[in-house]
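These are the residues of each chain, in order.
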Amino acid sequence: MKITLNVWRQSSPEAAGSFVKYDVDGVSADMSMLEMLDVLNDRLESKGEAPIAFDHDCREGICGSCGFMINGVAHGPEKEITVCQTHMRSFKDGDELTLEPWRAMAFPVMRDLMVDRSAFDRIIQAGGYVSVRTGSAPEANATPVMKEHADMAFEAAACIGCGACVAACPNAAAMLFTSAKVSHLGLLPQGEPERDKRAIDMVAQMDKEGFGHCSNHGECEAVCPKGISVNFIARMNRDLLKATLRSSR
Amino acid sequence: MSWLQSLYASTIGKKAVMAITGLIIFGFTLGHMAGNLLAFFGEDTFNTYAATLKGNPPLLWGTRLLLLTVIPLHFLTAFQLIKRSNDARPATYSKWQPQRSTYASRTIRFGGIYLLGFILYHLAHYTLFLTNPEFGGYHDAQGRHDAFRMVVEGFSNPVNVAVYLVAMLSLVFHLSHGAWSMFQSMGLNHPKYNQLRERAAWTLAIVLTVGFSSVPIAVLTGVVHR
Amino acid sequence: MTLDGKCPSGPIETAWDRHRFNMKLVNPSNRRKYNVLVVGTGLAGAACAATLGELGFNVQAFCYQDSARRAHSIAAQGGINAAKNYQNDGDSVHRLFYDTVKGGDYRSRERNVHRLAQISVNIIDQAVAQGVPFAREYGGLLDNRSFGGAQVARTFYARGQTGQQLLLGAYSALSRQVHAGTVKLHTRTEMLDLVVIDGRARGIITRNLATGELESWVGDAVVLATGGYGNVFFLSTNAMGCNVTATYKAYKKGALFANPCYTQIHPTCIPVSGGYQSKLTLMSESLRNDGRVWVPKSAADATKDPSTLPEDQRDYYLERRYPSFGNLVPRDVASRNAKTVCDEGRGVGHEVDGQRRAVYLDFRDAIQRVGKSTIEARYGNLFHMYTKITGENPYESPMRIYPAIHYTMGGLWVDYNLMSNIEGLFVLGEANFSDHGANRLGASALMQGLADGYFVAPPTISDYLARVGWGSTVTAEHEGFKAAKGEANERIQKLLSIKGKRPVDSFHRELGNVMWDKCGMSRTKEGLEEALKRIPEIRAEFWENVNVPGENKGVNQSLERAGRVADFLEFGELMCLDALERAESCGGHFREESQTEDGEALRDDVNYCHTAAWEFKGVETAPTLHKEALTFDYVKLTQRSYK
Ligand SMILES: Cc1cc2nc3c(=O)[nH]c(=O)nc-3n(C[C@H](O)[C@H](O)[C@H](O)COP(=O)(O)OP(=O)(O)OC[C@H]3O[C@@H](n4cnc5c(N)ncnc54)[C@H](O)[C@@H]3O)c2cc1C
Ligand code: HEM
Ligand code: FES
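Top line first, the protein sequences correspond to chains A, B and C.
Here the working numbering is used: the first residue of the first sequence is 1, the next is one more, and so on.
Here the working numbering is used: the first residue of the second sequence is 1, the next is one more, and so on.
Here the working numbering is used: the first residue of the third sequence is 1, the next is one more, and so on.
If you are wondering where the hints come from, they were derived from the structure by calculation, not from laboratory data.
Some hints here could point you the wrong way.
Unchecked claim - Pairs of lysine-lysine, DSS-like flavour, derived with a Cα cap of 25 angstroms:
1) A:K2 x C:K253
2) B:K192 x A:K2
3) A:K2 x A:K47
4) B:K95 x A:K242
5) A:K92 x A:K21
6) C:K304 x C:K253
7) C:K494 x C:K184
8) C:K627 x A:K208
9) C:K388 x C:K485
10) C:K253 x C:K501
11) A:K21 x C:K501
12) A:K147 x B:K95
13) A:K79 x B:K192
14) C:K525 x C:K485
15) C:K388 x C:K525
16) C:K253 x A:K47
17) C:K33 x A:K47
18) A:K208 x B:K192
19) C:K339 x C:K297
20) C:K388 x C:K372
21) B:K83 x A:K21
22) C:K617 x C:K485
23) C:K485 x C:K253
24) C:K494 x A:K79
25) A:K47 x C:K501
26) A:K92 x B:K95
27) C:K482 x C:K617
28) B:K95 x A:K79
29) C:K501 x C:K485
30) C:K636 x C:K6
31) C:K253 x C:K482
32) A:K197 x C:K184
33) C:K627 x C:K6
34) A:K79 x C:K372
35) C:K617 x C:K252
36) A:K92 x C:K553
37) C:K643 x C:K184
38) C:K297 x C:K617
39) A:K47 x C:K297
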């Protein structure tokens, strides 16, 4: 099939970008979205033109490297998958697709569809961990964990840090990302001692990075490739409010 | 009070302020609506109600003071959040397709601004009598302030009614999202009750709006008259 | 050169403890005076950098991705082994040790493996304390499963995302140290060269992938935890960025490369669908517990709708050849047999380059036996993934699978301390050759990466640092750094100046095809010799005709790929040479000349019971082979059989 692409091209963080149109023919339904871009990039490279830059690595939906907007939807039209898992059979011959990078103040565009998501790392560095030195861990089965809590913690921990939640949020909020980590650790007995401090520190860093607030639109949950629930946002709100009240004592 | 400051400094704290102030205004509007509905029982009931309120300064001024703090706080916090949201996405998408958000959630800020304008107008109209100085001079047979006459005359003007009805429409949208969103903002959620929360929000929003709109419509259509 | 593994002597059970006691310590107040460079933030690198940071050393950590959390360890699905014996099914440190040595087809060092088995239990404790959400039973205790045909249930797992959860645990420990200021993280930074001064590893040269800037980093020790080189095959289950650059450059600087031809092939991957294919996706091995593997008996039926083929037209070849293990034969056996039936023209699925390379994995009988809902509960997420990729529904028509390159057992040679033959160069995780011999058992790579990173390397690195002392005068202005940086820059300029006709990927694909055909699942002398002729030709054309657009400024992904492919083009030759030299079949390495009468792998313990470690002598010159003899005092050498 033939696909027309409208791709955001921007040569450097400082440069002004614009959309460029490409016709890609010979697209097979079995190709992944990124393989279709590979084919286009090979053509561009053969002509000595700069290929379209985009982050990607595992190409199986787990590393969280890939991600851009396809026709105004983060990670494209299919639910609960990433751009790298999106296959061209989701589109039809003659379709026109607009590919645009994640847009947020805290995610500056580096080149084309590639953005800088280091703000996420700094949020984790602010408190997304249990302070346990190597070697100081107690026997693993010494602390039983309710299966329900363990399962729920896992669901939160499934976050791949791709940034789609920020990209889709009308306020460019990082609440789903932050709350997933706060909840994952907060739900486990291992994370309990630092629960208050973690919530306060991580939210403070999140705010400092310039992400927006949560209006409870739910866009983040809808595009999350791991289907992480906004219930975790409520849980983080609760944790933060409690922690702040407790800190007054 | 440093914890209050640090709370307000965070986006989550600001949202808690939105939720609590919103809840208070919401509570007030429910009471206000119930009072308004007394208009259907005629001049005497309505004026008695108005006079009772006036005759109870602690209640009257308590409410007024509360609203005078809470509404500006709601508005100011909203303003700060909107600014933050705009800053967080300086470059907008050429194309964006909503997936889950609703018309109500996306327009809450515009409805809010209309509501602010409306509240100011409403105060000027019926509380401070700035638009209609004559309202202050109406008295009923028992010498009480004739609030009933004021309402009927006010709503006999179709333009006025239109302003009110649009405000009520804004309110229905504002609250259909806001009345469940505030639970989420306060961290009050449970997967079992989340759907209930949303339904209750719509129901209350509609009750409130229908209740509020019924009086101006009833006056305009002559159902309520002097 | 004699290769000394430096293994402690005496009883194996106490070897590691005794060794640790004999190591030197660095005084806590002196630790911050040492700089350690850790390249790679996968399980091995992140664990090591975090632990060294906790101890108080000054650590610089590097990875090529935009975040440390994205290292390819993230993709591991199945689980991690540990000898906890929580299931009371007879597991023990000794049994895990025994299984791993045997599974490695007797080509690993006994003492390394024993240490690995001992440490396995500490890893689980550590991970749980970090908040890794392993699967649990209703009683709240940890759950286990049996994996890869093991007789005991010793595998800990977090749904199908064990690697992700373990890596996020290590990443969180790393993040904590970044916050504490002991670790400085350099993401989007690729190591291009190792700097060796007076026989000691003293630093690295990196390229900043965001700006193109080349930088020199000076350290008292250098740790490489840069993962495997499976991408030399172009198509593999590895991430697109996985490369050999770091370890290959160290090899060029004198580090020995051990057993490069040992690669593992995973039998259940989604087959290639077309020439554009960029990578292969692994489907968990657990599918073979219920799926039956077959191909049509006759090549003429290859294109027929499988559901229309009657039972007597199907060849359940694994069940036929291995009646006792059936579909659960080990990875290498399952893979090789799939290749054989496809070579016979009985492969199914898409035709790519004139060949059909896939076999059926059929759940029809299992669905009939236990019901669709049970199968859905067991494999729902895998079926979903399969449907997403292929557009087909495995509940209705059989899955198609084919083997793919998955893991590389070979790597830089290291001694018991995980130090290479270059002083101060430590190699961890998949990047070293240490613990898996010729074949890795399922769920043991995660174990090894974390054992190396959390528990083995930190004390051995401390010991090394204590011995060499601090206060070296080497700086980035040293000739060694200037020369290495100059070379790296020259090479980049060369790549950018060719401006030929072919894109980088086309060379990578071409190399990959040669490697897969000649140095893949089964190898012959002729094939390998052919490859050894062909690879230099491809390399020569690459340096004349590649087109790398743009310049060395800002993001240039073509340049990144070109540099990696250039290294693969040299490394592939080394792999083929090693494969040629090892004229025996062992583990994942099947030499057609060395097989039993009924076509099974035949190991040659008389001539090949050694580690082959190669020394670089120049790109166009043959490397020198050094052998480290392997001795087995605790596990008896036997031939594996699955009949
Ligand atoms: C699909 C899949 C499934 C698997 N499933 C399992 C399983 O169930 N159980 C199991 O035990 N094992 C499994 N494995 C194997 C296991 O995941 C890996 O062997 C292991 O995680 C490797 O860890 P590592 O730390 O050595 O390297 P990696 O995690 O690959 O990390 C390499 C690091 O080095 C960095 N790096 C690489 N090159 C450079 C360079 N030139 N410059 C700078 N940085 C560089 C990268 O950025 C990265 O941070 C699986 C592997 C795959 C591919
Ligand atoms: C003064 C005029 C008003 C303005 C400017 C205003 C503005 C806003 C805005 C912008 C929000 C959304 C904040 C966000 O992005 O999440 C909001 C939420 C809300 N508003 Fe208002 N509003 C006004 C009046 C009212 C009134 C009259 C009520 C009640 C009857 C009300 C109740 C609420 C509630 C309950 C919320 C939800 C809070 C939450 O999400 O936690 N508001 N308001
Ligand atoms: S490339 Fe790893 S999630 Fe898409």
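For each hint, the structure was consulted:
1. Between K2 of chain A and K253 of chain C, the direct Cα distance comes to roughly 49 angstroms. Violation of the 25 angstroms bound is thereby established for this hinted pair.
2. A C-alpha spacing of about 47 angstroms is found between K192 of chain B and K2 of chain A, which places the hinted pair above 25 angstroms, so the restraint is violated.
3. In summary, the hint linking K2 of chain A to K47 of chain A is supported, as the alpha carbons are separated by about 20 angstroms, within the 25 angstroms threshold.
4. Taking the CA atoms of K95 of chain B and K242 of chain A, the gap is near 39 angstroms; set against the 25 angstroms cutoff, the hint is violated.
5. Distance hint between K92 of chain A and K21 of chain A is fulfilled; the C-alpha atoms sit about 18 angstroms from each other, no more than 25 angstroms.
6. At roughly 55 angstroms between alpha-carbon atoms, K304 of chain C and K253 of chain C are farther apart than 25 angstroms, so this suggested pair is violated.
7. Proximity of K494 of chain C to K184 of chain C is assessed by CA-CA distance (about 32 angstroms); at most 25 angstroms being required, the pair is judged violated.
8. At roughly 57 angstroms between alpha-carbon atoms, K627 of chain C and K208 of chain A are farther apart than 25 angstroms, so this suggested pair is violated.
9. Between K388 of chain C and K485 of chain C the alpha-carbon distance is near 45 angstroms, which puts this suggested pair outside the 25 angstroms criterion.
10. Pair hint K253 of chain C plus K501 of chain C does not hold up; C-alpha atoms about 32 angstroms apart against a cutoff of 25 angstroms.
11. Distance hint between K21 of chain A and K501 of chain C is fulfilled; the C-alpha atoms sit about 23 angstroms from each other, no more than 25 angstroms.
12. Restraint check: the Cα-Cα separation between K147 of chain A and K95 of chain B comes to about 43 angstroms, which exceeds 25 angstroms; the hinted pair is violated.
13. Among the hinted pairs, K79 of chain A with K192 of chain B is consistent with the structure: their alpha-carbon atoms are about 23 angstroms apart, no more than 25 angstroms.
14. Our distance criterion of 25 angstroms between C-alpha atoms is broken by K525 of chain C and K485 of chain C, whose separation comes to about 39 angstroms.
15. For the hint linking K388 of chain C to K525 of chain C, the alpha-carbon distance of about 40 angstroms lies beyond 25 angstroms, and the restraint is violated.
16. With a C-alpha separation of about 36 angstroms, the suggested pairing of K253 of chain C with K47 of chain A is violated against the 25 angstroms cut-off.
17. Under the criterion of a C-alpha separation no larger than 25 angstroms, the hint pairing K33 of chain C with K47 of chain A is inconsistent with the structure, at around 51 angstroms.
18. Annotation: proposed proximity of K208 of chain A to K192 of chain B is violated, straight-line Cα distance about 34 angstroms (limit 25 angstroms).
19. A threshold of 25 angstroms between alpha carbons decides the hint, and for K339 of chain C with K297 of chain C the separation of about 15 angstroms falls inside it, so the pair holds.
20. For the suggested pair K388 of chain C and K372 of chain C, the alpha carbons sit about 19 angstroms apart, so the restraint of at most 25 angstroms is met.
21. Distance restraint check for K83 of chain B and K21 of chain A: the Cα-Cα separation of roughly 34 angstroms exceeds the 25 angstroms cut-off, and the hinted pair is therefore not satisfied.
22. Between the alpha carbons of K617 of chain C and K485 of chain C the distance comes to roughly 21 angstroms, so the proposed pair stays at or under 25 angstroms and holds.
23. Distance check on the hinted pair: K485 of chain C and K253 of chain C sit about 14 angstroms apart at the alpha-carbon level, within 25 angstroms; holds.
24. Distance check on the hinted pair: K494 of chain C and K79 of chain A sit about 45 angstroms apart at the alpha-carbon level, beyond 25 angstroms; violated.
25. Pair hint K47 of chain A plus K501 of chain C holds up; C-alpha atoms about 7 angstroms apart against a cutoff of 25 angstroms.
26. A hinted pair counts as satisfied when its Cα atoms are at most 25 angstroms apart, and K92 of chain A with K95 of chain B qualifies at roughly 19 angstroms.
27. At roughly 22 angstroms between alpha-carbon atoms, K482 of chain C and K617 of chain C fall within 25 angstroms of each other, so this suggested pair holds.
28. Restraint check for K95 of chain B and K79 of chain A: the C-alpha separation of about 19 angstroms stays at or below 25 angstroms, so the hint holds.
29. Of the supplied pair hints, the one linking K501 of chain C and K485 of chain C is violated, its CA atoms being roughly 28 angstroms apart against a limit of 25 angstroms.
30. A hinted pair counts as satisfied when its Cα atoms are at most 25 angstroms apart, and K636 of chain C with K6 of chain C qualifies at roughly 22 angstroms.
31. Taking the CA atoms of K253 of chain C and K482 of chain C, the gap is near 15 angstroms; set against the 25 angstroms cutoff, the hint holds.
32. Only pairs whose Cα atoms come within 25 angstroms are accepted, and K197 of chain A paired with K184 of chain C is accepted, the gap being roughly 23 angstroms.
33. Taking the CA atoms of K627 of chain C and K6 of chain C, the gap is near 15 angstroms; set against the 25 angstroms cutoff, the hint holds.
34. Pair hint K79 of chain A plus K372 of chain C holds up; C-alpha atoms about 24 angstroms apart against a cutoff of 25 angstroms.
35. A C-alpha spacing of about 8 angstroms is found between K617 of chain C and K252 of chain C, which places the hinted pair at or below 25 angstroms, so the restraint holds.
36. Between K92 of chain A and K553 of chain C, the direct Cα distance comes to roughly 38 angstroms. Violation of the 25 angstroms bound is thereby established for this hinted pair.
37. Distance check on the hinted pair: K643 of chain C and K184 of chain C sit about 53 angstroms apart at the alpha-carbon level, beyond 25 angstroms; violated.
38. Distance restraint check for K297 of chain C and K617 of chain C: the Cα-Cα separation of roughly 50 angstroms exceeds the 25 angstroms cut-off, and the hinted pair is therefore not satisfied.
39. Proposed proximity of K47 of chain A and K297 of chain C is contradicted: the alpha carbons are some 47 angstroms apart, above 25 angstroms.
Hint check: violations occur at hints 1, 2, 4, 6, 7, 8, 9, 10, 12, 14, 15, 16, 17, 18, 21, 24, 29, 36, 37, 38, 39; the rest are consistent with the structure.
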